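Please arrange chain B on chain A, whose structure you already have, making use of the hints.
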Amino acid sequence: MKFKKAMAIGLAAAMTLSLAACGGSKDKEEKTSDSKTSDKKSDYSVAMITDTGGINDQSFNQSAWEGLQELSEETGADVNYIESKQASDFVTNLERLGDSGATLLWGIGYACADAVLEAADSNPDLQYAVVDNSYEETPDNVTGVMFRAQEPSFMVGYVAGKTTESNKVGFVGGISSGLIDQFQYGYEAGVQYAAKELGKEIEVSVQYAESFSDAAKGKAIASKMYSDGCDVVYHAAGGSGTGVIEAAKEAGKWVIGVDRDQAYLAPDNVLTSALKLVGKAVKEVSMEAMDGEEIGGQTLTFGLEEECVGISEEHKNMPEGVYEATLEIGEKIKSGEIEVPSTKDEYEAFITK
Amino acid sequence: MLSSITLFIGITLMYSTPLAFAALGGVISERSGVTNLGIEGMMTIGAFTGATVGYFTGSAWGGFLAAGIAGGMIALLHAFASITCRADQTISGIAINLIGPGVALFLCRLLFDGATMSVPVTNKIPKLFGSAGITGALKNLNVDVTVVLALVFAVVLWGFLYKTKWGLHIRSVGEHPAAADTMGINVYKIRYLCVIASGILAGFGGASMTLAIIPQFTPTAISGQGFIALAAVIFGKWTPHGAYGACILFGAAQALTVILGGGSFQVPSEILAMLPYIITIIILILFVGRSAAPKASGQPYEKGAR
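Top line first, the protein sequences correspond to chains A and B.
Counted the way the UniProt record's numbering counts, the first sequence spans residues 1 to 353.
Counted the way the UniProt record's numbering counts, the second sequence spans residues 1 to 306.
Hints listed in this document are in silico derivations from the structure and should not be mistaken for laboratory results.
Treat each hint with caution, since some may be false.
With a straight-line cut-off of 16 Å between C-alpha atoms, the simulated EDC-like cross-links for lysine to aspartate or glutamate are [stated by the list, open to error]: (1) A:Lys316 to A:Asp268; (2) A:Lys280 to A:Glu306; (3) A:Lys168 to A:Glu203; (4) B:Lys303 to B:Asp113; (5) B:Lys139 to A:Glu306; (6) A:Lys316 to A:Asp261; (7) B:Lys127 to A:Asp291; (8) A:Lys353 to A:Glu337; (9) B:Lys139 to A:Glu314.
Covered, in the sense of this in silico footprint (three residues per stretch, anywhere, with C-beta under 8 Å from a C-beta of chain A), are these stretches of chain B [claimed, not checked]: (10) 22-28; (11) 107-116; (12) 208-220; (13) 237-249.
Bear in mind that the values here come from a model prediction, so they are computed numbers and not experimental data.
Think of the CB as a built atom: it goes at the ideal place given N, C-alpha and C, for glycine as much as any other residue.
With the rest of the complex left out, here is chain A (with noise of 0.2 Å):
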């Protein structure tokens, strides 16, 4: 019995302690990172929290982390982050790195908007960013960043229109909103561009996952496709695009990728990508604000003209000239001849043009 009680003391402790050590370790990993010191010294001091997908998603929040290094390399600012852990978190962050002395902060993707609103409302005399979120009433020390990602989709649409040897393409979708729409019809935008501009035919088939984290749903959706004889399938739908890409390379065919360069995950079957160069624009945006200039009580809005979107470099996969063409599809985009739709209603006016 003695054996027991002392046993169960010592688990109690042996608990405790790693109770503890788990408090300190999410101390440790939630500390803001040490700012970059550079030669150039500037009091200016931008700081970032991303939402939960962490520092190192791969994705857009590691993508505004760069930019902001960039930043302080080029200027002298001081920059620093805090990784959300999950979304309770965001207000608190925000918060703390105001006191921390911050006087821009971003709030990266949309899951952040409603928090940069409250911390913007209660701290008057800081300024705040958000990407991927428009407000309908901006305040002035916020700032929406918004990014034309029909525009990139076109040009990949494009692409995939030139590519297609079966006249069928797909398009798989994370959750349907009005985010994912920009993709969708901006995709669907470019395939009959380009289907037009050959003379022939080309159907799309379009399917949502209703959910950006169900791989296998993404990869089940893809391999439809597949079967029912698309040779090109775009995605814009986060985790649920790994089981597309997944499907591709099982099937042999071609797959395009979304926000960066995703040739890395299947290097013989990612025909393109349409890239979301975040880090650019949160770089552009908080250089304008160390300027001084007044980019509060509004929302921008990104593309090609401003060189924050675009597709992959790399196109070995592509057929001969294919490319070409398509920056030059971009130029024509850049200059207003050609007006991408990004919701349905633009699309269907675009479409009896």
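Then chain B, alone, in the frame of chain A:
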């Protein structure tokens, strides 16, 4: 038409396999009287270990085995807390669910330069008919070997639980541990072994996701499969064949939404997304009837307690 049917079967089998491994794990643990809510966490650990070991060794089966071992080790934690320390099994299970993804992500960042995704493995679990030379409708049936393995496990577990002396011991420990103890069965030992076995199976389930369906670990690779597997255990009345069947049903419902979606006749995808759950509820009401858990499930056993 034929290719649609084979596609439907192929998707069903692909979808249900990780669930089936995990659900079989749930069955064996519950049958011995230990509720295992931590399956999701054990699957995540398995998914991570499988993909990582598979990547570094270049061997898919090595990764698969390692995933089972890792799942079993996490399960040992649950067994220690809930059997030796007689902790609340629900709380211990939830703790495992929190630890699993945390540890997986932490190690992933450590091993892959801070990335939350592992690098794709070069060798995946092989396909049933090999990787080349299959065309047409048959191609859709060219499922991963893990699919077959899950079925084999279900059959073996059924035989083990219902046709062997050991199976009888396990079931009696889950129904009436005190009586089993009087008959000279070591309740603690059996429960430990069953919980560890459930962890191994959950680890296999995770690895069948990250070594067969997709070739890498991602933070969202396991998102909810463990809980669906638990539902399948209850749906299948705590039997291996029932739980396996329930997983196939979930898989078939998902396959149906995939096949019906995006076609020429447009069903709103939100409605389609509800379909698996609606089908489940209807079948539950119409065909399954009352299901009763093993009597001692969830209760810690204390030797000599009255």
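Take a quick look at whether Lys316 (chain A) and Asp268 (chain A) sit within 16 Å of each other, Cα to Cα.
holds, 9 Å
Holds or violated: are the alpha carbons of Lys139 (chain B) and Glu306 (chain A) at most 16 Å from each other?
Violated: Lys139 (chain B) and Glu306 (chain A) sit about 45 Å apart, past 16 Å.
Given pair status - Glu337 (chain A), Lys353 (chain A), alpha carbons within 16 Å
holds, 13 Å
CA of Lys316 (chain A) to CA of Asp261 (chain A), is that 16 Å or under?
holds, 13 Å
Would the pair Lys139 (chain B) and Glu314 (chain A) pass a check requiring their Cα atoms to be no farther apart than 16 Å?
Outside the cut-off at roughly 31 Å; violated.
Taking a Cβ-Cβ distance under 8 Å as contact, does the region 208-220 of chain B have three or more residues in contact with chain A?
n = 8 at 8 Å, threshold three: holds.
Cut-off 8 Å, C-beta pairs, minimum 3 residues; does the coverage of the region 107-116 of chain B by chain A stand?
holds (count 5)
Three residues or more, CB to CB closer than 8 Å: is that satisfied between the region 237-249 of chain B and chain A?
Three-residue rule not met by the region 237-249 of chain B, so violated; n is 0.
Does the alpha-carbon distance linking Lys280 (chain A) and Glu306 (chain A) stay inside the 16 Å limit?
Given that 16 Å is the threshold and the Cα spacing comes to 9 Å, the pair holds.
Taking a Cβ-Cβ distance under 8 Å as contact, does the region 22-28 of chain B have three or more residues in contact with chain A?
That given contact is violated, which follows from only 0 residues of the region 22-28 of chain B lying within Cβ reach (below 8 Å) of chain A.
Please work out if Lys303 (chain B) and Asp113 (chain B) have their alpha carbons no farther apart than 16 Å.
Given pair Lys303 (chain B), Asp113 (chain B) is violated - Cα atoms ~49 Å apart, limit 16 Å.
Is Lys168 (chain A) within 16 Å of Glu203 (chain A), Cα to Cα?
holds, 5 Å
Checked against the numbered hints above, the structure breaks hints 4, 5, 7, 9, 10, 13 and satisfies the rest.
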